[in-house]
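Protein sequences appear in the order of chains H and P. The first sequence runs 1 to 191 under UniProt numbering. The second sequence runs 1 to 378 under UniProt numbering.
No lab work stands behind these hints, which were simulated from the structure alone. If a hint is listed, it holds; no wrong ones were tucked in.
Derived DSBU-like pairs: lysine-lysine, alpha-carbon spacing no greater than 35 Å straight-line:
| # | chain 1 | residue 1 | chain 2 | residue 2 |
| --- | --- | --- | --- | --- |
| 1 | H | 175 | P | 299 |
| 2 | P | 328 | H | 175 |
| 3 | P | 299 | P | 309 |
| 4 | P | 261 | H | 73 |
| 5 | H | 25 | P | 276 |
| 6 | H | 175 | H | 150 |
| 7 | H | 148 | H | 73 |
| 8 | H | 25 | P | 110 |
| 9 | P | 72 | P | 222 |
| 10 | P | 276 | H | 148 |
One-sided excerpt, in silico: chain H residues whose CB lies under 8 Å from chain P:
| # | residue |
| --- | --- |
| 11 | 121 |
| 12 | 124 |
| 13 | 128 |
| 14 | 143 |
| 15 | 144 |
| 16 | 147 |
| 17 | 152 |
| 18 | 156 |
| 19 | 161 |
| 20 | 163 |
| 21 | 164 |
| 22 | 165 |
| 23 | 173 |
Away from chain P, derived, C-beta distances all over 12 Å, residues of chain H:
| # | residue |
| --- | --- |
| 24 | 35 |
| 25 | 68 |
| 26 | 72 |
| 27 | 74 |
| 28 | 77 |
| 29 | 80 |
| 30 | 82 |
| 31 | 84 |
| 32 | 106 |
| 33 | 108 |
| 34 | 110 |
| 35 | 112 |
We treat Cβ as the ideally placed atom computed from N, Cα and C, and that holds for glycine.
Here is how the chains run, residue by residue.
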Amino acid sequence: MSTAASSSTSETIAEPGLKIKVSTKEGEVFELDEKVAKMSQVIRGILEDLGEQNGGDDSVLPLTQVETRIFRKILVWLKYHAGHDKEEAPKAEEDEIIARFCEEIPEWDQKFLNVDQAVILEIMLAADYLDIKKLRGLCCKTVANILKTKTVEQIREMYGIENDFTPEEEEEIRKQTAWCEDEPPRQGSNH
Amino acid sequence: MATGSPKMEQRSAVDVVEDIIELDVRSEDDNEERESALNGGEIFPKPVIFLAEDETNRLRLISESTFHHVPKSFQDDWRILLDERRGNVGLLDGFQFVVDRLMMEEGFRKVQYATTESEQETDSVRRSYYNHTVVCLPDQVFSCVLIFSRSQSWKVGQQAPIPVVVIQSMVPEQFRHLSKFALPTRILQSTRYWISNAYGGNLRSDVVEMYRNLPELSTVVKDTLVLKLKAIICHSLAPPILTGLDSLPCVLLEEILLRTKDAEKTVLTMRQTCKKLRHVADMGHIWRVLGRETFSALKSMSDAEVREKFGSWKQAFVTERRAEIEEKKRKAALEASYGAIVPYHWSGFNSNLFNFAPLQRQVAMPNPYANLFEDEWY
Numbered sequence: 001m002s003t004a005a006s007s008s009t010s011e012t013i014a015e016p017g018l019k020i021k022v023s024t025k026e027g028e029v030f031e032l033d034e035k036v037a038k039m040s041q042v043i044r045g046i047l048e049d050l051g052e053q054n055g056g057d058d059s060v061l062p063l064t065q066v067e068t069r070i071f072r073k074i075l076v077w078l079k080y081h082a083g084h085d086k087e088e089a090p091k092a093e094e095d096e097i098i099a100r101f102c103e104e105i106p107e108w109d110q111k112f113l114n115v116d117q118a119v120i121l122e123i124m125l126a127a128d129y130l131d132i133k134k135l136r137g138l139c140c141k142t143v144a145n146i147l148k149t150k151t152v153e154q155i156r157e158m159y160g161i162e163n164d165f166t167p168e169e170e171e172e173i174r175k176q177t178a179w180c181e182d183e184p185p186r187q188g189s190n191h
Numbered sequence: 001m002a003t004g005s006p007k008m009e010q011r012s013a014v015d016v017v018e019d020i021i022e023l024d025v026r027s028e029d030d031n032e033e034r035e036s037a038l039n040g041g042e043i044f045p046k047p048v049i050f051l052a053e054d055e056t057n058r059l060r061l062i063s064e065s066t067f068h069h070v071p072k073s074f075q076d077d078w079r080i081l082l083d084e085r086r087g088n089v090g091l092l093d094g095f096q097f098v099v100d101r102l103m104m105e106e107g108f109r110k111v112q113y114a115t116t117e118s119e120q121e122t123d124s125v126r127r128s129y130y131n132h133t134v135v136c137l138p139d140q141v142f143s144c145v146l147i148f149s150r151s152q153s154w155k156v157g158q159q160a161p162i163p164v165v166v167i168q169s170m171v172p173e174q175f176r177h178l179s180k181f182a183l184p185t186r187i188l189q190s191t192r193y194w195i196s197n198a199y200g201g202n203l204r205s206d207v208v209e210m211y212r213n214l215p216e217l218s219t220v221v222k223d224t225l226v227l228k229l230k231a232i233i234c235h236s237l238a239p240p241i242l243t244g245l246d247s248l249p250c251v252l253l254e255e256i257l258l259r260t261k262d263a264e265k266t267v268l269t270m271r272q273t274c275k276k277l278r279h280v281a282d283m284g285h286i287w288r289v290l291g292r293e294t295f296s297a298l299k300s301m302s303d304a305e306v307r308e309k310f311g312s313w314k315q316a317f318v319t320e321r322r323a324e325i326e327e328k329k330r331k332a333a334l335e336a337s338y339g340a341i342v343p344y345h346w347s348g349f350n351s352n353l354f355n356f357a358p359l360q361r362q363v364a365m366p367n368p369y370a371n372l373f374e375d376e377w378y
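Bound-form chain P, shown alone (with noise of 0.2 Å):
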C-alpha cells in the first residue's frame, strides 16, 4: 500500500486520532498553526491511499478481499466514498465516514454553515456540524445543531436557527453537566483511547485495518460516542424544571449524599422519598465512597476486590455495617447479662492510683491500691 510523505510516517497513531478528534477544537489560526507545525507546512495529513498506476486503487481491491468482515451496507457507501475520492481515503476520511454514518443511523443529519469558499473546501473532515432533533418528553421536541468546536460556535451560532451545542475537549473531566451551551468530552477522550489500542501503532498507515475493523469500531464509536451524544443532548436541550430537589440534575443529588459527615442515615433517608432519589442513593459510587470513609477494611480495597468478595459496593457496606451491629448487639447482650468488665486502667483515668468511677452497670476490676474501705468503694 502506498503511504504518505516520510515525515508524516513519523507521527505516531495516538497523534493522528488526536488530530481527528481535536482537529476542530482550536480557533481556525490556532489548528492551522498545529497542523502546520506537525506536518511540515500541510494543514492536513495527505491521504494515505493514492490511486495506483493503472487507475484503480489499492484500497478498493483490499476491501474488496475482505468484504465478508465488513456488513453490506457499510461496503457500499464505503464504495461511494471511494468513487467521490477516486480512491484518496484517509484515516481522518474513514474515521469521519464511520461517525457520520452512525451518526445519520440513530438520527443525525449532517449540514454545512460554510461562509466562504476555502471553508467549503476543507469542510469534509474539518466542519462537523450535525442536525438533530430529540424528543425529550412525549410533549418536547427539541431541534439542535451539533458541533465539535466551540470556537465555531461563534460563526454557527449567528446562522443557526435552532440551539447550537458545543463539544469541548479542552475542557477538566470533572466538567460534567453543562447544559445547552456545553457538552463534556470524554465520550470523545475515551473513544480515542480505544480507537489508539485497537490500532496500535498501524493506525497512521493502514485505513485498511481501519476498514477490515470496521463492525468493532463502529460498535464502540456507536455506545460510546454516539448514543451517549443523543442522551447528553437530551439533557442539554431539556434542562431540569427545579420543582423540587428531586428535578436536580443526578450529579448534583450524588454530591449532596456525599457532603456530610456519616452521610449513611441521609442516603438512607434519601433513598426512601422517591424512586429518582434511590436511584441515586443506589449508585455503586455512594457506596464506594461510604464504605471506604466508614470501614477501614474497605479502605484499600479496589473495585476487583470487592467486587470478587462481595458483589457490589452497596454489599460490601451492608455486610460490614451488619457486622458491626451483630458485634455490638452481642456486647449488649454480654453487658446486660453480666454487666461490663472495665479494666481499671481502661475506664478513662490516666492513672490507676484514684480509679473512683467505675460506670453503673460497669463492674470494674479491682485497683490493688484501692482503699478497700472506702464507702464509694464497689
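Chain H with its partners taken away, still in its complex shape (with noise of 0.2 Å):
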C-alpha cells in the first residue's frame, strides 16, 4: 500500500479530530474520524492489522475504487449514521434474511437515495467495496423497490441493459415462467 497517496498535490480535507486518511480513486485525501472510518469493514480490518503502526505516520489507505463525489456523498451518509445508530448485536443469519424482506427504509436514508439511478448503483458497488453493509443494504433495497413496479421493458431501459437474448431462448424464458402467469389474482386478506 503506498503512502505516496499524501502528496502536496491531493488536497487535503481536514476536520477537527479527525485521525484516519485516506484516498480516493483521484488521489483527493480525506481524514475521517476513527469511528466514522471504522464503518467501513474494510478501513476497520486494516486498522486492526496495522495495530500500532496506525496514527503514528502520515500513511494514508489508499481506497482505489472509489471516486471522489461517491465518496462525499458516503462521507455524508457515514457521519450522519455514527451519530444517530446505536450500536446492534450481529443477528443469526434466518432473522438478518428475514429482516430484509420486512425492514423499511428510514425517512433520512430515502431522502439520502433520493438520486438519480446511477449514482445509487454506483454507491452501492462503493458501500460493497469498502464493505459497509447497512449502506450497501439500503441501496440494494431502494433499487428492490424500484424494480418491483416495473416490466421487462421498462427495466432494460432504466437501467441500461440490453437484450443478449435469442429470439429462441427468449421463447423458452416464457415457457419456464408459464407457471406462474397464469395465477388468477392474488386474493387479500380483507375480503
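Relying on the hints, combine the two individually framed chains into one complex.
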C-alpha cells in the first residue's frame, strides 16, 4: 500500500479531531474520525492489522475504487449514522434474511438515496467495496423497490440493460415462467 | 522417523495448519510474538525430518518406498527440494512446496520483495509473493502481485510496479467482494479445514503422510485454492465497469433480488431481462430464500431433503407454487359454479347476531337468529 497518496498535489480536507486518512481514486485525501472510518469493515480490518503502526505516520489508506464525488456522499451518510445509530448485536443469518424482507427504509435514508439511479448503483458498488453493509443493503432495497413495479422492458430501458437473448431463448424463458403467469389474482386478506 | 522437540509435539495438527495459512497474516511483531508463545521461543516450528546418522534422510527413503502414489513430476521436484534442504523438509516447507508448484502450473510466478538480509533468510516460507498475469477480456491483460499479508502490502506496494492483491484471513466471512485491495479468505479457510480433516492428528508429525497423499492434496488445493484465486484475481483486477444494472457483481444483484417482500415477481421479471440476470435469478440460494419465506412447508426443510424430494430449490418453489395455483383455480371454479359457501361465523364479523353482509356471489349459511323477513336477507 502506498503512502505516497498524501502528496502535495492532493487536496486534504481536514476536520478537527480526525485521525484516519484515506485517499480516493483521484488521489484526494480525506481525514476521517476513527469512529466514522471504522464503519467500513475494510478500513477497520486494515487498522486492526496495522495495530500500533496506525496513526504514527502520514500513512494514507488508498480506496482505489471509490471516486471522490461518490466518497463525499458516502461520507455524509457515514457521519450521519455514526451520530445516530445504536450499536446492534449481530443477527443470526435467518433473522437477517427475514429482517431484509421486512425492514423499511428510514426517512433520512430515503432522502439520501433520492438521487439518480446511476448514482445509487455507484454508491452501492462503493459500499460493497468498503464493506459498509448497512448502506449496501439500503441501496439494494431502494433499487429492489423500484424494480418491483417495473416491466421487463422498463427495467431494460431504465438501467441500460441490453437484451442479449435470441428470440428462441426468449420463447424458452417465457415457457419456463408460464407456471406463474396464469396465476389468478391474489386474494387479499381483507375480504 | 525423527521428530521435533517435545514441546512442538504437543501442538495439534490444526495449530500447524493454521500456522501455515496464518503465518503471514499478522504483522512481523505479532507473528514473532505468537510463534514465540507457541513454540517456546522458536520463530518457526523445527523441521520434522532430520538427517539420519548415515547422512541420508528418512523422508527420501520413505518417499522412495511410496513413490508409486505420487506423480513423477512431483517426485522430481520433491527430490530437488530435499537436496536443497539437505533433507530438512518440514510440513511448512511441504505445504508451501505444493502450493508453489500448483500456482506455478496456473501461471503464477513466485517473486521476492525482501528488502533486508534477515527477511531473505526467512523468505522461503513466510514471504509468499506471486506475480500473476491474467487476461480478463480479449483486450485487457492485467498483472499483479499476490501476497498473503495485509501488513506486508505496505512494504511490497512501494516496490512492486503493478497492483498488489492481498489475501486476508482475518476478516469476516461476509467480506466477499472487495476489489483489488483485498481478497476473501473463505477459500483458504476451506483448504485449512480440509487438510485438518484429511490428516487428522498426524499432520504435525507426519510429513510422509502428506507426501503419500500428494495427488489428493494437490487436487483439493488446486480446486479450493489456486483456481478460485485466479477467478477472484481476475474479478479484482478487472472491476465491473458500471454501464448498467447487469454490470453489478452477482452478489449485489442477488441481494437486490432478495430485498423486497414478495420478491418472486421481481426475480421472474429480472430473469427475463438479460442472460446475466437470468443466471443470477436461477441461483439456488435465491430460490431457497424465496421458498422458505413463502411456503411454510419449505421453511424447515434442509438442502438435502429438498434435493431428495424436489431435485432443487427452484423446483421445490415451482412445485409448491403450482400446487397453490391449482388450489386457487379449483376454488375459483367451485365459486363460479356454486358460489362460495361462507359460514356465517367466518364472514368477517365477530358477532353472529348481526350477520348482514355476505359478499356478492357468496351464499352465507343461515344465521339462526336472523330475521328471515328482512329485505336485506338473501
